[in-house]
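> Take the given structure of chain A and dock chain B to it, following the hints.
Order-wise, the sequence lines are chains A and B. The first sequence begins at 37 in the working numbering and counts up one residue at a time. The second sequence begins at 37 in the working numbering and counts up one residue at a time.
Warning: the hint list may mix true and false statements.
Note that the list lumps identical chains together, so a pair holds whenever it fits in one copy or between two copies.
[Claimed, not checked] Computed cross-link-like contacts, EDC-like style, restricted to lysine to aspartate or glutamate with a CA-CA straight-line distance of at most 16 Å:
| no. | residue 1 | residue 2 |
| --- | --- | --- |
| 1 | K220 | D375 |
| 2 | K249 | D350 |
| 3 | K410 | D373 |
| 4 | K306 | E317 |
| 5 | K233 | E425 |
| 6 | K128 | D195 |
| 7 | K306 | E266 |
| 8 | K410 | E292 |
If you're looking for bench data, these hints aren't it; they were derived computationally from the structure. Because the structure is a prediction, the values reported are computed rather than measured.
There are 2 protein chains.
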Amino acid sequence: MNKDYQSLIHSWMNENRVVGIELLQKLVRNRSIQTNEYEAQQVIINHLQKLDLEIDEWEVTGDIFTHPYFCSTRKSFLKSPNVVGVKRGIGKGKSIILNGHIDVVPEGDVTQWTDDPYSGKIEGGRMYGRGTTDMKGGTVSLLLAIQALKELGIQLNGDVIFQSVIEEESGGAGTLGTLLRGYKADAAIIPEPTNMKIFPRQQGSMWFRLTVKGRSAHGGTRYEGVSAIEKSMVVIQELQNLEKARNARIVDPLYENTPIPIPINLGVIKGGDWPSSVADEVIIEGRIGVAPDEEMRHAQEELRLCLKNLENIDRWFREKPVGLDWFGARWVPGTIDEDHPLMGILQSKFEQVKQTDPKIEASPWGTDGGLLEKLGGIPVIVFGPGTTEIAHFPNEYIELERMFEVAEIIALTLIEWCGVNR
Amino acid sequence: MNKDYQSLIHSWMNENRVVGIELLQKLVRNRSIQTNEYEAQQVIINHLQKLDLEIDEWEVTGDIFTHPYFCSTRKSFLKSPNVVGVKRGIGKGKSIILNGHIDVVPEGDVTQWTDDPYSGKIEGGRMYGRGTTDMKGGTVSLLLAIQALKELGIQLNGDVIFQSVIEEESGGAGTLGTLLRGYKADAAIIPEPTNMKIFPRQQGSMWFRLTVKGRSAHGGTRYEGVSAIEKSMVVIQELQNLEKARNARIVDPLYENTPIPIPINLGVIKGGDWPSSVADEVIIEGRIGVAPDEEMRHAQEELRLCLKNLENIDRWFREKPVGLDWFGARWVPGTIDEDHPLMGILQSKFEQVKQTDPKIEASPWGTDGGLLEKLGGIPVIVFGPGTTEIAHFPNEYIELERMFEVAEIIALTLIEWCGVNR
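Looking at chain A on its own, in the form it has when it is part of the complex (with noise of 0.2 Å):
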């Protein structure tokens, strides 16, 4: 049976290419970076209604905005619609959420890329552009799924949901929107950038901003004043030894090929305005994972008291204790367990595509997963083309054969998971 649908559906993919490259490259190349989601939405609207999908497309508001696990900076989502398309099974099978989002972070520095940062230009097997591999390669890989299933002729049992939400890069706005909006299944899959790894596990992260205090002198005299640069070395190597210490309690098999599970990451530093005088403020901006099981609270709690214990280290912290604020993008941890149906089915899958193992790992960073599992109590797995070291940065790009497979992954997946009758 397997081995029919496995041939059925490959075929499919290979007759298909020009379906999901030309699909990819649409939406490559809407610009969809925070508050632009709207033209991208609308490809992937244009797509769901070849599908034959009940498509829902609203703007998140209401309540939401108090809700406890919103984090954004935004005061209205006019204009970023969120979009989701139910497939409904024809009964009694398992359903499952196919979660993709829509918005993509900045291009940054133009003259780093080597082509228009949304070209969506192909060379070499790749495709190029901000997005491809974070994560609308993914979504591509979804769509093609259902869309193999429908040419096919293969229907479900289960409902498949598919969304394509706003907001995953920077809080989770829009896959809060679809909870509080009633989307719920049995499981859920996330084709985020893992290089084809399974992530049973979700790490999450909080971005945190640190400002380290100093006192005024001219530079000739430096003497006389408390170099805030000086200090913030005292509180960049304390917040090591945090890191070193909270890793050290990682013992989760799947972290063990993974040199800092839950890392803590100082991106920014600036402090200072003279040369000849002496800084009496530096700015840290950084981000700490948070360990699948971890509560966000526990983390907060640890870098809290790394702080404040400096003042035991030295004691001009007790003078001008460093000053902590928790800001911008915030991801909740998730977890799924080992044993859980979906992960057998899918590494079997993986097994079948593939013709090896697949590695499965704990994922370095946060997706909206935590939010799909700790708020909607739905199990949840990360698995996706692309890979993390190019995400977020120039020259951005997926290898197009990766998106394919995992398209033909998630078909058989689904095959299993929402079953078939025959």
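Below, chain B alone, put in the same frame as chain A:
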């Protein structure tokens, strides 16, 4: 003889408090930051006219732009005149240059000022405002000294060359301009804010910009990148070691009360642009102090070698050497023989007026004195009212009494240095 002059001048100063205060207030209320010096220079010229000086007002131009000592980002000094006023002696006396700069550094963050930064408000014996201490107060001391001699009918043998120059805060193009225009003298006094200490040595300094490279990665997999922020910590530590080594060589007793005679100050740091990305570049800007008897080139070479040596500490720097750029301002160091006659005269006049010994130290910062000495061959002493601690900072002020005391000491010094026929 001295006793007579002293009481005459002391009385004149007492009777002319209002003259000095009004003049300083007028100067402070003109925001003479770089490129905006014109109006403040007109205040100077108006005052010089009352003193019957030969006035020379000109805009620096021509050969100066290619002069080896030229240091400025400006391409033109149009509407930024230098002003010199010469009081010719009646002959056979030694000449002197009295040099003050009219430019002030910008006021910075206005919210940190209690009053308008250009208020010239008087409270508790202090006048507040940008430029009061650095160094319009010192300039007023010079003008009061000249005015006292004139109004008391004291005719000097040697010439007094008063200079109100532009660009001291940005590399000395104004004073360089006076030298190129031919102004020379047997000695010079610059009343920068020494808190009435006598500085026969002047530290030089230069600004530098370091570019520390990293390699970007997602913060969740930060071990795949190289953090330019972490590498900066290595660089900063080596610069601290260089500062220690350079200062360990300073044996001049004039520095014995100075914790760090020639500091390396790191004043600005900025790097990275996203909290959850690994920073791929950090820029550090600072100043390196140059010892009074050191060649600028020697200090530059030591810094270059220090950065080169990073390659032996961390292999990363072989791949990505730290970039070094000498930019912005530069002050040439200077020194006068401690046995120079002007040193003796100034000390004895200080003792007469203050009834205590002056403190003799080496300056912790650069002035235009280095140019006068190195290029003009003119021995220079730096001695003035005001204090470094508040120069360049919010709520800059000057103790008005100190301004009048310095005026008195300089007037008496002129009488003895330039000579009088009774």
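> Please work out whether the CA atoms of K306 and E266 approach to 16 Å or closer within one copy, between two copies, in both situations, or in neither?
Classified as both: same-chain Cα gap 13 Å, cross-chain 14 Å, threshold 16 Å.
> Using 16 Å as the alpha-carbon threshold, which applies to K410 and D373: within, between, both, or neither?
Within one copy only: 14 Å inside a chain, 78 Å across chains, cut-off 16 Å.
> Given identical chains, is K233 near E425, meaning Cα to Cα at most 16 Å, within a copy, between copies, both, or neither?
Intra 14 Å, inter 60 Å, cutoff 16 Å: intra-copy only.
> I want to check one pair: K220 and D375. Are their C-alpha atoms no more than 16 Å apart within a copy, between two copies, both, or neither?
neither (21 Å within a copy, 91 Å between copies)
> 16 Å Cα cut-off: does K128 pair with D195 within a copy, between copies, both or neither?
Cα proximity of K128 and D195: one copy only (9 Å, versus 108 Å across).
> Up to 16 Å between alpha-carbons, please classify K410 paired with E292: within, between, both or neither.
Answer is neither; intra-copy 25 Å and inter-copy 65 Å both fail.
> Between the shortest in-copy and the shortest cross-copy C-alpha distance, which are at most 16 Å for K306 and E317: within, between, both, or neither?
both (8 Å within a copy, 12 Å between copies)
> My question is about K249 and D350: at a cut-off of 16 Å on alpha-carbon distance, are they close within one copy, between copies, both, or neither?
within (13 Å within a copy, 29 Å between copies)
Hints 1 and 8, counting from the list given before, are not met by this structure.
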